[in-house]
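Here the structure of chain A is known, so what remains is to put chain B in place on it, guided by the hints.
Just so you know, the protein sequences line up as chains A and B, in that order. Counting with my numbering, you get residues 1 to 412 for the letters of the first sequence. Counting with my numbering, you get residues 413 to 596 for the letters of the second sequence.
For the record, the hints were derived by calculation from the structure and aren't laboratory data. Cβ atoms here follow ideal geometry from the backbone N, Cα and C, with glycine treated the same way. Incorrect hints may appear among the rest.
As the list claims (entries may be wrong) - Quick look at which bits of chain B chain A covers, simulated, 3 or more residues with Cβ under 8 Å:
(1) 427–433
(2) 454–466
(3) 482–489
(4) 492–498
(5) 556–565
(6) 579–591
To be verified - Pair ranges (Cβ atoms, derived):
(7) Pro298/A <-> Gly426/B: 39 to 47 Å
(8) Gln159/A <-> Ser440/B: 21 to 29 Å
(9) Leu496/B <-> Gly13/A: 34 to 42 Å
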Amino acid sequence: MKRAREVETLVQGLRHAADAEMHSRILGNLLDVLKQGRQHPSAGIQPTVRRIVMRSPITKLAAAAVLVVAIVLSVPFLAPSTPSASAAQIFYQAAQAMSGLKSFHIRVEMRTPPGDNFACIGLNYEFVPIDFWKQFTDDEWGKWRLEEPGRVVVMDGQQSTMLRKGSNIVSESVDRNPERYWTECLVEVNKVMSREARKAAEQPAQFTSYRQPGEDGREKMVIAVEAPSKVPPTDYLRNQYIEDSDHLTVYRFDAETKLLEDLQIYVHDNGKDVLVLRLVQAEYNIDLDPALFQLQLPADVIRSTTLTILSDNEKYEQMTPKEAATAFFAACAQEDWNELLKFLGRTAVAQRMKDYLGGLEVLELGEPFQSAGYAGWFVPYKIKLKSGDIKQHNLAVRNDNPAHRWKLDGGI
Amino acid sequence: MLEDRYLVWRLKRGSAQALCRIYNRYESDLLTLATNLLGRTGQAEDVLQDVFMKFIESIDTFELTGSLKGYLAKCVANRARDYLRKDRGRGSETIADCRLRMADYGIASSPVEAVIVEEQKQRLVAALAGLPCEQREAVLLHLQGGLKFREIANVQGVAAKTAESRYRYGIERLRSMLNGQVET
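Next up, chain A with everything else stripped away, as it sits in the complex (with noise of 0.2 Å):
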């Protein structure tokens, strides 16, 4: 016996799907109307009052001077500026607002590995919830706390630091305007605005701005900002990275407080878009948990540090990032940690690393490529790990250090 839950749910799954002849013939033909439309803007109106106005010499004397006037007084409103004009101007007011705030709380939900880089996007990963705590203080930096479910970060007003929370690596640094993900900036999202109205002032065919009104009652301000790809289209990042993809970013703030109300980030993809960014809390002004800002590392903590000048360095600067793949793989094949330390910069191989790749067996090893949008070489592989299973992804090596030895970036 169906239920009536059961029946609404057939309903619902009852699809009819459109073929592909039909849908690029019909998509077609809307796309010939859109055209001829812009091309004979209102046809069936503007003839008939061209016709009446025109009729005399003095209609057409009287006309051609309100013409001249109506062109003199819309100037300001048709320059093709004025839309992003009014963007820039909103950011400007944003970035303002959020200079003055005490706190705030944002959290978002992002297509991401739950304990990756907060920035690497898979069009296809599920959501994951990313927090934004910032604190405001006297200084410019604050304290701030930036938490995803395999990794937070804290900076405490002195440093931040981040903690791997699987496998214990901590990474610190003081320096307090690091390069960042597009995602990471987030913590200090007064700038952000200030970015953007840079951009609005500098791209204007970029951002388009409406008001509307919210489900509060009160008046929105809409932007939305479109962004080219800072890769080619075949690129390897090609859609790994929100800047590393066509993306369209929509920010909603609140017309009064012109605060940040909603935020959505669209990939554009072989004519899809899929959102892979939203905001799902932002709260102002809320009381903090000094907690928060103080990050409780775990006792056997493995810190990250900067790869320093071996005695046989040479050895090192002189591989090809080939040749770098394969003794990295080699040294786990041997479970040589010691080697294998030369090529992560860390102070201890985490033992999660030793568990999982110690005694694998390298099947194939391609050859090294590169991405516009990175600074190292990418070394593809297929391995069997000691468990059994084949493991075939792309090693990003990269050696822009002070040692000028390869270091494992990530693909593991």
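Relative to the frame of chain A, chain B by itself:
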């Protein structure tokens, strides 16, 4: 949806890209709705094209007040009614005659399951065809068009309570037919 407003804004300025995005986003849902309302694929395609043509033609004066999908779904329902009115008395094919593709309904793990799924689907199609027109419309607009009852009431020119009753009666009748209690 924020992006719909933005796309409409761009379409008003003649953006072909915006039109493609809107069409790609709602084509499948609207075609499904039209096919289920009409029961024939050919006419459903015509309805889909008519609705988008009208949408483009009126874009200069169009103001989006609710959801774009909801607006387009209402247009599909109105246009489908026009087609049904024209067809009245012509003895045209019924919704039950319409054969649907397995791929549209779900993935069967075995040939036996595939047959069962297809049979279920045909029973549902036949049951939908057996509903009075207003009930079918209410059920499909709510479940496939995502319309609220007051929006359906607006399409049907009745009170919201009536639209809701039509929906409830429709679901109850479908349930009875699928459980074999009423002959279709």
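Starting from the hint list further up, note which numbers the structure goes against and sort them upward. Checked against the structure, the hints that fail are numbers 3, 4, 5, 7, 8 and 9, while the rest are satisfied.
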